[in-house]
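Q: On the provided structure of chain U, position chain B as indicated by the hints.
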Amino acid sequence: MELLYASCVGVLVFCGVFLILRSRTFPVVLGLTMLSYAVNLFLFSSGRLSFNQAAVLGTGTEYADPLPQAFVLTAIVIGFAMTAFVVVLAIRGRSDLGSDHVDGEFPITNNNNNDKNKKVKV
Amino acid sequence: MNQHLTFLPVLLPMLAGVVLLVSPFGKTKTSRRVTSVTLSVVTLLVSLLLLLKVQAQGPQIYAIGDWSAPFGIVLVADQLSILLVCLTALLGVVCTLYASAGDDHKGSFFHPLIHFLILGVNGAFLTGDAFNLFVFFEVLLIASYALLMHGGDKKNTRAALQYVILNLVGSAIFLIALGVLYGVLGTLNMADMAEKVTHLQGDDVYLAKIGGLLLLVVFALKGALLPLHLWLPNTYATAIPVVAALFAIMTKVGVYSMMRVYTLIFGDEAGELSHMAQTWLWWLAIATIAMGAIGVLASKDLRKLAANLVIVSVGTLVALIAVQTVEASSAAIYYIVHSTLVTAALFLLADLIGRQRGKVADRISAGPGVAQPKLLGACFVIAAVAVIGMPPLSGFIGKVWLLKATLDTEFIVVFWPVYLFASLAVLFSVSKAGSAVFWHHQGKPLTEAEQERVHPTQLIALLILIASAPLMSIFAGPLSEYAIGAATQLHDFNSNINIILSGGQ
Numbered sequence: 001m002e003l004l005y006a007s008c009v010g011v012l013v014f015c016g017v018f019l020i021l022r023s024r025t026f027p028v029v030l031g032l033t034m035l036s037y038a039v040n041l042f043l044f045s046s047g048r049l050s051f052n053q054a055a056v057l058g059t060g061t062e063y064a065d066p067l068p069q070a071f072v073l074t075a076i077v078i079g080f081a082m083t084a085f086v087v088v089l090a091i092r093g094r095s096d097l098g099s100d101h102v103d104g105e106f107p108i109t110n111n112n113n114n115d116k117n118k119k120v121k122v
Numbered sequence: 001m002n003q004h005l006t007f008l009p010v011l012l013p014m015l016a017g018v019v020l021l022v023s024p025f026g027k028t029k030t031s032r033r034v035t036s037v038t039l040s041v042v043t044l045l046v047s048l049l050l051l052l053k054v055q056a057q058g059p060q061i062y063a064i065g066d067w068s069a070p071f072g073i074v075l076v077a078d079q080l081s082i083l084l085v086c087l088t089a090l091l092g093v094v095c096t097l098y099a100s101a102g103d104d105h106k107g108s109f110f111h112p113l114i115h116f117l118i119l120g121v122n123g124a125f126l127t128g129d130a131f132n133l134f135v136f137f138e139v140l141l142i143a144s145y146a147l148l149m150h151g152g153d154k155k156n157t158r159a160a161l162q163y164v165i166l167n168l169v170g171s172a173i174f175l176i177a178l179g180v181l182y183g184v185l186g187t188l189n190m191a192d193m194a195e196k197v198t199h200l201q202g203d204d205v206y207l208a209k210i211g212g213l214l215l216l217v218v219f220a221l222k223g224a225l226l227p228l229h230l231w232l233p234n235t236y237a238t239a240i241p242v243v244a245a246l247f248a249i250m251t252k253v254g255v256y257s258m259m260r261v262y263t264l265i266f267g268d269e270a271g272e273l274s275h276m277a278q279t280w281l282w283w284l285a286i287a288t289i290a291m292g293a294i295g296v297l298a299s300k301d302l303r304k305l306a307a308n309l310v311i312v313s314v315g316t317l318v319a320l321i322a323v324q325t326v327e328a329s330s331a332a333i334y335y336i337v338h339s340t341l342v343t344a345a346l347f348l349l350a351d352l353i354g355r356q357r358g359k360v361a362d363r364i365s366a367g368p369g370v371a372q373p374k375l376l377g378a379c380f381v382i383a384a385v386a387v388i389g390m391p392p393l394s395g396f397i398g399k400v401w402l403l404k405a406t407l408d409t410e411f412i413v414v415f416w417p418v419y420l421f422a423s424l425a426v427l428f429s430v431s432k433a434g435s436a437v438f439w440h441h442q443g444k445p446l447t448e449a450e451q452e453r454v455h456p457t458q459l460i461a462l463l464i465l466i467a468s469a470p471l472m473s474i475f476a477g478p479l480s481e482y483a484i485g486a487a488t489q490l491h492d493f494n495s496n497i498n499i500i501l502s503g504g505q
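So the sequences go chain by chain: U and B.
Take the first sequence: its letter number 88 is residue 88 in my numbering, and every next letter is one higher.
Take the second sequence: its letter number 374 is residue 374 in my numbering, and every next letter is one higher.
The shape of chain B in the complex, shown without the other chains:
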């Protein structure tokens, strides 16, 4: 059992998805909810177990079907990937809990789809093979298509149609990129690719460059990097909020893939191709932050606001990846965890607030007051402080760290002004939204029946996310140490290659 632990974060969600489709677990509402939440908690526990193991014994390599790398597909659990797997599993628990209050019955097969999505995301984080990455991307995409339509209206169909078409084109480009890279390198195992890239000569270098940059297009589309970010605000704002909260991890899959491909395969050791995407990543990231900030300022409802905050966080992360130092990567790793949890919390809050304001819903304008102003207000303040990056919560630590990571580089001239301006825009918009929603009352108050009070399971789910902000601040020491360790591992070219190609021996 122990040796198969690396595979369990992928296997368990798949089994959960299947189990939930059949009797007796999938028979009644209650049985589905209980099974789904239990299994997502089990997935989280298993992921945490694996995290402890990786920390104690170093990266774990799992050769599927016992075909060793580079011939077979391997799963690689190192500190970075397993951290993100745990993050996904945590979001899974939160979303299944939250949806159990009633959202899961707005459409069919909510719980199985959530687990299939987690399967895809976990697989994409763990795999060490580029083609397998494509397969897991498709798994998570098809689950996300269906979830996006869950409980949706007409506006939702339109957003889903555009999202699906865009992603299908993205998949085609992904395959072309993989074809080019395979034609040149003769392998798609990421560690083996990294090793082969160093020996490229002549025209092959240019072909590999084309393949690498085509991959950038795909990851930019998944991660919502400018100019391929246009699908995100609509998609996230029309999906039901609990799904949008889970989607907060999906852009991070694109960002994570960039991290892997452009630090491992086309990183320091790649000869002529080393850091080939850096300039692109850098300027696109800066433009994305600026664009996201403008979006944040222009948002008319809380869900759009949260969606635009996702864009800002993606821009910030990609800028850190472009810097390509260990310190920048460790800041990025801390920031990924923080931003995912906080944006997910904001989506859930937007939903709860919207349910208590009648027709005004989550629009940022004066309206009837919410039924539970103290509870929701307190949660909103914590989430807002975290997302803006004010002390003492996790956002502040992330912000200081990423500013420090860019301090000694030539990037400071562009990055600091843009990023700080974006923070100001976030500060302005979020405080405006908060005061409009909680303080500016207009019209006659709603009756009890029109306001849906927060369900206990919703509250638990929300509190898990909200609590993460102070907790990440209190445990900043061990967390940052972990992030530095993960980043060091990510940048350590030789040990990465050796461990993976020798099967973890």
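The shape of chain U in the complex, shown without the other chains:
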């Protein structure tokens, strides 16, 4: 189970980082979402993975730690709000700057065909 779990987190982080490094805002927003999924899974596992354990200490030595679940819940709520904000901001950037590049404009090279984007009315 640990292997599966760890590879899930790993793949999500990989995708997230890859997408964040893209130049348009939409992939970047997706990347941030992916990254926050990975982070949530990771946080959850910080209380150790276990099956069918009581969440309260009791007298047993084995237990499921309830605290990381609280962390994850907080992180989900905050992550959701932040993602919503960045989506709105990306849309505003698209209309204010006339392109969806994170720098506001595409670097000028010979082979990009972004004239279409530049002509969009603000």
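Hints are computed from structural coordinates only; laboratory data are not their basis.
A virtual CB, placed ideally from N, CA and C, is assigned to each residue, including glycine.
Please note that a few of the clues may not be correct.
Claimed, not checked - With beta-carbon atoms standing in for the labels, derived distance ranges:
{"id": "1", "chain 1": "U", "residue 1": "A54", "chain 2": "B", "residue 2": "I294", "range": "57 to 65 Å"}
{"id": "2", "chain 1": "B", "residue 1": "G107", "chain 2": "U", "residue 2": "S50", "range": "43 to 51 Å"}
{"id": "3", "chain 1": "B", "residue 1": "I294", "chain 2": "U", "residue 2": "Q53", "range": "54 to 62 Å"}
{"id": "4", "chain 1": "B", "residue 1": "D204", "chain 2": "U", "residue 2": "A81", "range": "32 to 40 Å"}
{"id": "5", "chain 1": "U", "residue 1": "A54", "chain 2": "B", "residue 2": "S68", "range": "21 to 29 Å"}
{"id": "6", "chain 1": "B", "residue 1": "A287", "chain 2": "U", "residue 2": "P107", "range": "26 to 34 Å"}
{"id": "7", "chain 1": "U", "residue 1": "A84", "chain 2": "B", "residue 2": "T30", "range": "31 to 39 Å"}
{"id": "8", "chain 1": "U", "residue 1": "I91", "chain 2": "B", "residue 2": "A467", "range": "40 to 48 Å"}
{"id": "9", "chain 1": "U", "residue 1": "P107", "chain 2": "B", "residue 2": "S502", "range": "57 to 65 Å"}
A: Only chain B this time, still in chain U's reference frame:
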């Protein structure tokens, strides 16, 4: 009431933010302004009250929901954190006053957002729990995102977009760091973490090290330490100046967190992990000072200049943290207060000067003269002398103190040349800016209508900040004593742990 005093600097701004959103307080322009300024003054008074209490009775511990540490979240008001809370509250008063002259109507919800930002900053200073620190970071960040966009233009959207994306990545890294540390230590209460770190063995040591260094990345991003400082000049220079003035405290939140984490948790007592981030902090700080100095020299307008001065001050503070002695920390505490107030004053001055110079605005070049050269010139001279660190104002005391604090250490060889060179660069740039703005006139003078005279509330706000420089110099005795006390408390590992874990008994 008295026992809940520790919580009030967090609660009051939140209530203020909510009250300002609803009728009758938030109904008209005037009612919003009056309520906002009044409530920020109340927050300041309450913070000062708490400061007096902390000074008389020692650190105050407030267990939220009466769940004692390490199981619940505690707020810890010791001399350092409450000093910074007072500083934030003071900036809050200044900014609400200043914005009441008209800036608050360039966008919506200015006053509630200011109070929410103060809530986040105060919370981050007071909390004794690492996860709670994350939550307050997010509170202050989301308020800052909205404030950054306040009254902005297109350039502003671009800076905001990059700032938000960077900070979201920063938050993800923060959570990963907390996950690693929780997995290893089984707690996120800072005092308890410090205690657990001393007993780590085997591979756990390396995991804790990874977690600790990931935290460094996050704090370096918030504090604008090289190479994560690139967002700062653009962000601060495109935000409206009154917001930038309030943002002067935000980099200090990152610096403060470094102080806590690397002196308390990974400090003297941490065994193998003791001072693990010191080398990193040291060299990054030196590079930041150098980079900031270059930025200062290259600045083309006053707001960029002030933004680069923020970077220099962050570098200086982090260098002092890396030294990790009581004396260096006390110098850092004095310097935090001084640099925050002075850079905030410079942002406000840049705004006032820009409004009186028509299209040239705050660019450092010859242009039409300002309408009130005596008033603005005098304020600029005081702020400049303070920020350069010339006698007799607060900057000089801070500078001498921090040079003295590094005197006996092996750090002097690198720190003194870099820091003194940076001071020279600041001296050069600020005097150049002053003479260009106030003495070199070009083009035809502007008419009365084109020049916006300083509004009385703006003047009061500015004078509060400007007056702090001579005042910090006149009251340097008690202030430095206070700073030394705060630093001693910060470095006193055992009493810190005992007080927090026993709930302040």
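Q: Looking back at the hints listed earlier, which ones does the structure fail to meet?
A: No hint contradicted; all consistent.
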